[in-house]
Structures are given as structure tokens and as C-alpha cells.
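Heads up: the protein sequence lines correspond to chains D and Z, in order.
My numbering applies: residue 1 is where the first sequence begins, and numbers increase by one.
My numbering applies: residue 1 is where the second sequence begins, and numbers increase by one.
Don't take every hint at face value.
[Said to hold, decoys possible] Here are the in silico distance ranges between beta carbons for each label pair:
hint, chain 1, residue 1, chain 2, residue 2, range
1, Z, Ile29, D, Asn252, 19 to 25 Å
2, Z, Ile29, D, Arg127, 52 to 58 Å
3, D, Ser46, Z, Asp58, 55 to 61 Å
[What the hints assert, rightly or not] The calculated lysine-lysine pairs, modelled on BS3-like cross-linking and capped at a C-alpha distance of 25 Å, are:
hint, chain 1, residue 1, chain 2, residue 2
4, D, Lys124, Z, Lys21
5, Z, Lys66, Z, Lys8
6, D, Lys124, Z, Lys14
7, D, Lys328, D, Lys291
8, D, Lys120, Z, Lys66
These are calculated hints, taken from the structure and not from any lab test.
Since the structure is predicted, the reported quantities are computational estimates derived from the model, not experimental observations.
Think of the CB as a built atom: it goes at the ideal place given N, C-alpha and C, for glycine as much as any other residue.
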Amino acid sequence: MHRRVVVTGMGAMTAIGNSVKAFWEGLLQGKNGVGPITHFDPAQFSTRFAAEVKNFSFDGILDVRESNRMDRYTQMAMVAAHEALQDSGMDLEKIDHDMAGVVVGSGIGGIQSFETEHGKYIEKGPRRVSPYFVPQMISDIAAGQISIRYGLKGPNYATVSACATASHAIGDAARLIKYGDADIMVTGGSEAPITPMGLAGFCSMKALSSRNEEPGKASRPFDRERDGFVMGEGAGILVLEELEHARKRGANIYAEIRGIGFTADAHHVTAPAPGGEGAVRAMRRSAEDGKLNLNEVDYINAHGTSTPYNDKNETAAIKALFGDHAYKMNISSTKSMIGHLLGAAGAVELIVSVLAIKHNIIPPTINYEFPDPECDLNYTPNVPQERRVRNAISNTFGFGGHNACILVSKFE
Amino acid sequence: MSLEEKVKEIIVEKLGVAADKVKEDAHFIEDLGADSLDTVELVMAFEEEFGVEIPDEDAQEITTVKAAISYLRKKMDQAD
Numbered sequence: 001m002h003r004r005v006v007v008t009g010m011g012a013m014t015a016i017g018n019s020v021k022a023f024w025e026g027l028l029q030g031k032n033g034v035g036p037i038t039h040f041d042p043a044q045f046s047t048r049f050a051a052e053v054k055n056f057s058f059d060g061i062l063d064v065r066e067s068n069r070m071d072r073y074t075q076m077a078m079v080a081a082h083e084a085l086q087d088s089g090m091d092l093e094k095i096d097h098d099m100a101g102v103v104v105g106s107g108i109g110g111i112q113s114f115e116t117e118h119g120k121y122i123e124k125g126p127r128r129v130s131p132y133f134v135p136q137m138i139s140d141i142a143a144g145q146i147s148i149r150y151g152l153k154g155p156n157y158a159t160v161s162a163c164a165t166a167s168h169a170i171g172d173a174a175r176l177i178k179y180g181d182a183d184i185m186v187t188g189g190s191e192a193p194i195t196p197m198g199l200a201g202f203c204s205m206k207a208l209s210s211r212n213e214e215p216g217k218a219s220r221p222f223d224r225e226r227d228g229f230v231m232g233e234g235a236g237i238l239v240l241e242e243l244e245h246a247r248k249r250g251a252n253i254y255a256e257i258r259g260i261g262f263t264a265d266a267h268h269v270t271a272p273a274p275g276g277e278g279a280v281r282a283m284r285r286s287a288e289d290g291k292l293n294l295n296e297v298d299y300i301n302a303h304g305t306s307t308p309y310n311d312k313n314e315t316a317a318i319k320a321l322f323g324d325h326a327y328k329m330n331i332s333s334t335k336s337m338i339g340h341l342l343g344a345a346g347a348v349e350l351i352v353s354v355l356a357i358k359h360n361i362i363p364p365t366i367n368y369e370f371p372d373p374e375c376d377l378n379y380t381p382n383v384p385q386e387r388r389v390r391n392a393i394s395n396t397f398g399f400g401g402h403n404a405c406i407l408v409s410k411f412e
Numbered sequence: 001m002s003l004e005e006k007v008k009e010i011i012v013e014k015l016g017v018a019a020d021k022v023k024e025d026a027h028f029i030e031d032l033g034a035d036s037l038d039t040v041e042l043v044m045a046f047e048e049e050f051g052v053e054i055p056d057e058d059a060q061e062i063t064t065v066k067a068a069i070s071y072l073r074k075k076m077d078q079a080d
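Chain D extracted, bound-state conformation:
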């Protein structure tokens, strides 16, 4: 029997909103989440701004003892998972726990914990390294912690594929449901990379925008004056459910996970393949997997990092695959507002795609001022656009040449 997978709950933590509702409102207002770094003193760095989560609170979800044993990335995943499960309306007492699992990834994991404990090692030696260091730092621990909190005893692991991490997590989770390993999956990604080492590393790569004089204009995907990405942080968690399971309990169904496309560039560690060749195959594969004609895709939530290379190559890839239809679709990069959430990007951006389908509104690409001849599609500049959205593709591409695209459709 063909098992279909639907989205029945969502939770988000981003620089423009600490819940899905606040996030969506921010997206439609074109709210800008980018500002000077406050997590530490960035004076020595060539980039001194990022899209930080504001007023993060885990009150009522984690107690002090629990939170002390978690890296920020796990804390944010716990809060987003709480929201997603509440939103799903699921009675956790009544589910078959063996058929409920978690796949939640992080591109980097607990880098702040690593830096803190490494500092203790340098200063005071190995005997002062916390026994919690390893279980705080490892990038699978959010998945583990969510399962422990809610008693979810089905498949449980993390994916790691840099900026494609969450899309791989969601794709795997959908397939675990499709193949009958689970009826319910809590899935997505979380990232808290705004630390001295995280920033230093990306600065050294010259991957980040250095528009320190105007941080609010730094994340400008597809604009001619773009000069690099802006680091973000946050978490996105979705509750996926087998269709009949969702129907039986009368769940609110947001959309259907319809197709999954995973490929590799096999080209270079950080540079995308010429013409976005790997991206072309990943988007095509997601449509094939969903048995959808390409001209039925209405919206692409682009990877759109605001780096010179990504945006040019992604545009070329979309044009190569969709031909004339490329000009009829709406495309937008919500990274213009929330920065690049790295391993969580695919999750918050799939939430954007789901909400675009639900509300028939495309959130904009803000900071779009100067057209680039190499980026000539409809990027939904600066203001949201209403249109019927039946099918959307969420694109994510990670260092290492990982490409992961998720096709999500109106549930009918």
C-alpha cells in the first residue's frame, strides 16, 4: 500500500520570530533579523554582525539543570520541538511510541560547548573538562534529547550535510514513514554557530558579507551588490505523519511531503558545480519522485545565500531545469531576513514553503535593489506576493557538494 506523508505540526526559532506565528508575520512584513553580534565581542573580526535569535527563552520547557547540560543548539531544538508537537495537537499518551521517531540534524553541533570546554582544557588541563562535554557537543544529541523528553522510541538519529542537513533529515524522516518504519516523525534541524570559532572560520573563508556599516542590508540574495552570506541561528522542527494516521485522529494537515531529491556535485569542497549542475539534478529528482510535471511548480524557496557564486549558479540551475517556466515561478530567499541557519536552513525554509502553500502568499526577498544580469528571475523582491501555490520546492546545498531538495504540495 502506498503510504503518503503529511505535515501536521511545526515549530520555529529564528532571528525574526521565536514561534511559527511570529516568524510568518515577520516574513510577510519583510522584517530584518540581522544586526551587530551580541553573543560575544566581535571587535577583532572582519564581519561583526549576524542574525541572532532575540530574547531566547526555554522557560516552562527546560529547567535550569536540563538547560545547563545542553548546548544552545539543543536548547533551541527542544523549544521548537515543543511548539511543533503542541501544534500537531497529538495526544502523546495515545500514540504507539515504537512507531514515533526523531531525525533532527545540526551542521556543526555544539560548537559553543566545544569552545568553552577547550578553554578549560587550555587553562586548567584535562581533569577540568566537563563530563557533559561530549553529550553536549555531538550533533545527534538534539535527536536523542527530543526522544527522551517525549518517549519517542522509533528510528532516531541525526543527519550531517552542512547547509543541506535539515533537508536530508526531513527527507529521511518522510521515507521512514513511507517505508513503514514509523507513523510519526519529529524532524528538522538546529544550529547555533555564532561563536568566536564559528565566525572566525567563515570569515577566513571570505564566505561572509563584510558590510559592517550596514548590517541590515548585508543579506541581499540575487542582488548585484551581494558580497557573501550572513550567519544565522535557530531551529525548525516539523511533525510528519502518515496520512491515514493523521486522518484518524482528525489532525490539521498543512501540506504533503511529495518528493525528495538528493544528489552530489562531486566537484569541489565549497564551490558549487558550474551551472549548478548538481542542483539541477536534485530539483529534477524531487519532481520525479513526486511524479509532478515541472511546470506545476509555483514556488522555489531558494538556497539563495547572498554569495556571488551560489545565487548565480542556483539561478542558472533553475533556468536549465525549468526553461521558460522558470520565469513564471516565484522564487524567494528568506535568508534575506533570517540569515543562513546552516544545518537548520532546510527546516525553517520548508516551514516557509508549507506556509506559502497554506496561505497562498510568497514571502519576499528583501534588500533587493540592483538587478544582476546573471540573476534575472522573479525573486519576489521586497514585498510578499499573493498567488495560488500548489507545489513548492525547498532548495538546500551544502559544503561538500551535498544537494537536497524537498518538494511539498497542497494536500488534496
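On the provided structure of chain D, position chain Z as indicated by the hints.
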């Protein structure tokens, strides 16, 4: 602050328990909800606070509030 008060304060902070739960005969694992990693962290915090080194074989014996206080008192007396 006395040694006894300081030990209790560390336990309250590290285990996230209410101060009135930290009675002399309270067992870290059975009464205060600690796990094996918590007990390692507690011993580490004692070492840090009191500037002593607690060998693993001694650490294994420090399982209650009382044991911690008497061990550290003895250790501090030796140091003096």
C-alpha cells in the same frame, strides 16, 4: 561561608535542586536525582572550589552530602 554551606551551595547549583532538599544524609543519586555524570561533575566542582585533588578511588565514596562534607573537611585539615 563555612565549608558545609559552600558544599551545599555547589550541590544546589550543579544538581538544580532546592536547598532544603540538600540534607546531610541525602544521597546524590537516590535522593537528589543525580546520574553518574552529575557525580563526576560534582567532584570536579569540589576540586575546583577547594583547590584539592580527589583521586578516583576516593571520589567513588563521595555519594552523600555528609560524605562530601567530611571528606573535604579532612582533606582541608591535612592541607593546613
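Evaluated hints:
Between isoleucine 29 of chain Z and asparagine 252 of chain D the C-beta distance comes to about 43 Å, which lies outside the given range of 19 to 25 Å. The hinted window of 52 to 58 Å between isoleucine 29 of chain Z and arginine 127 of chain D is violated, with their beta carbons roughly 22 Å apart. For the pair serine 46 of chain D and aspartate 58 of chain Z, the beta carbons lie near 50 Å from each other, so the given range of 55 to 61 Å is not met. Distance hint between lysine 124 of chain D and lysine 21 of chain Z is unfulfilled; the C-alpha atoms sit about 32 Å from each other, more than 25 Å.
Using a Cα cut-off of 25 Å, the hinted pair lysine 66 of chain Z and lysine 8 of chain Z holds, with the two alpha carbons roughly 10 Å apart. Between lysine 124 of chain D and lysine 14 of chain Z the CA atoms are separated by roughly 20 Å; this keeps the pair inside 25 Å, and the hint holds. Between lysine 328 of chain D and lysine 291 of chain D, the direct Cα distance comes to roughly 20 Å. Compliance with the 25 Å bound is thereby established for this hinted pair. Between the alpha carbons of lysine 120 of chain D and lysine 66 of chain Z the distance comes to roughly 29 Å, so the proposed pair goes past 25 Å and is violated.
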